[in-house]
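Q: The lines below spell out each chain.
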Amino acid sequence: MKKITAIIYKAIEYHFTPYLVFILIISILLFPIVWMFITALKPLSETFIYPPTIIPEKLTFSAFEEVLFKSPIPQNILNSLIITITNVIITTFFAFFVACGISKYRYKGSKNVLFLFLFSRIIPPLALLIPYYILLTSLKLINTLNGLIVINFYICFPLAVWILKSFIDDFPQDLIDAARIDGCSRIGIIFRIMIPLLATSIAATAIIVFLWTWNEFIFAAMFTHTREVQPLTVGIYYFVGDEYVDWPRLSATAIIATIPGIIFLIMAQKYIIKGLIAGAIKK
Amino acid sequence: MKLSESRFGFLLSFPGLLVIILLSFFPTIMLFITSFLRYDNINPITFCAFENYEKMLNDPLFLPSLEKTLVFTFGTTSLTFCVGLILALCLSRITKYSGVFRILMLLPWAVPLVISGFIWKWIFDPVYGVINYLLIKIGLLANPINIFSDPNLAMIGVIVADSWVRIPFMCVILLAGFESIPQDLYEAAKVDGANAFQTFRYISLPLAMPAMATGLMITSMFSFRTIDVICSMTKGGPARATYVIGYFLQDQLYRTLNFGYLSALGIIMLFLQLAIISIFIYYLFKR
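In order, the protein sequences belong to chains A and B.
Read in order, the letters of the first sequence correspond to residues 963 to 1245 in this note's numbering.
Read in order, the letters of the second sequence correspond to residues -14 to 272 in this note's numbering.
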């Protein structure tokens, strides 16, 4: 018995073991994404045969073509982009100044303000479905892009403040003091020193907010009723029919919806990880 | 005009503060108020004290949905934690090509949750699904299973689809925890002849505890509040097996338009969330 456990420990400690285990798990985790690609490259008829073909018999890009040229999906993509980009700009802008104030120019009650933001992050947005429904109806914002921008701003704002605050905490105070002695105004310090030097951190925050907004589904599904204003996450339901689901075209749309995230991950993996950790761990 | 440092700070955060009060605290107060109103869009709005809450306790959908919520949250969090932990432990020992491995590990995080529900629905498809086919081919299954007709299996299905997206985040947080542990501790343990399990039990585990608690807290918080996967995968079914409280809330909005009653549900959701969070906050601050 002791011999067996000794062998097990030796195996765990062997330097190649982590690679093996990791590759095994990751291939299971990546399989759904691969399967989505395979399905998108099949013609519709091939998804309804048994056994399923692992390699498409008829390789075709027609699903992508039809999604992009013969369906309302481009409109949904455009809506998603409008909502997301507007929200990223507003959220990052407001959050940066709040975080700046809390972190570098402490005032009476700044701790409480920070707590307020933490608390509003804890409130589940879904619990506020009814108040938001009443508010947006009375403001005539139901079924509009503006309404969705407001909701997404509310969802992302506390998180963005939290992430930026821990980034700005790490910003050296000496730089601010030195600029101050050289006669730079406070506003000047923010725009000429802090923003350029914190550019990567701000970009990381913006990317995380982008992906959060891009992926938001439930409020969009509840508060939009016409195709003209629905974002991509709701628009994908176009391929879900009563009789069957058009899996190749749905998969093609799913791939399109995943592309921004994948591009950002490959481009800025290090900064996204930093941002996620900054948002999670309180300093 | 000369502003003091602290005044300037307040001025900087004032617009944001105003916005968050307007968008977050005002609706929360509204939620409290409407939960005490008879507000069903049929009769005129009147005050009704705890009538909505009483009705909720008598609702045959309410208590089961609470149970489903806890099963879903607990299931997702534990599955995410187990897989995330193994991946993080592997990654912390991987030195070659670690950048590539990290990107591969993060990929599911980029998939929107609704879409994760669709992908897994397709993979688990009872007739044309690839999982059934593979399991039968390996010999683990004799006949294809239909997870969308079995209540327990359906719950497992949504838990898998939900954790799939959350594993990368958990892994990132745990990895940060492991990497903050000084390397010489491991070397000292090696010199003392500790085996892999002992090193993990007496060094990695206690020192990465705060990171683990944080990861668990955030994962449980988000799996409690998001129902995207359930929307695209099971729609609360079969036989309300995946009818969690959040799904209850959004499902009933257009069916009943009973705002008072649904606000009371929202309040319950809010307090449940606070309860789950405070367990972790208590643990993190106790240290």
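Take these hints with a grain of salt, some might be off.
[Said to hold, decoys possible] Below, simulated DSSO-like cross-link-like pairs (lysine-lysine); rule was C-alpha separation at most 30 Å, straight line: (1) A:K1102 to B:K220; (2) B:K220 to A:K1236; (3) B:K175 to A:K972.
Just so you know, these hints were derived from the structure itself, not from any lab.
Q: Sort out whether K972 (chain A) lies within 30 Å of K175 (chain B), counting only the CA atoms.
A: Holds. K175 (chain B) to K972 (chain A) sits at ~13 Å (cutoff 30 Å).
Q: Quick one, are K1102 (chain A) and K220 (chain B) close enough, alpha carbons at most 30 Å?
A: 29 Å, holds
Q: Check whether the Cα positions of K220 (chain B) and K1236 (chain A) lie no farther apart than 30 Å.
A: With Cα atoms ~35 Å apart, K220 (chain B) and K1236 (chain A) exceed 30 Å; violated.
The earlier numbered hint that this structure contradicts is number 2, and it is the only one.
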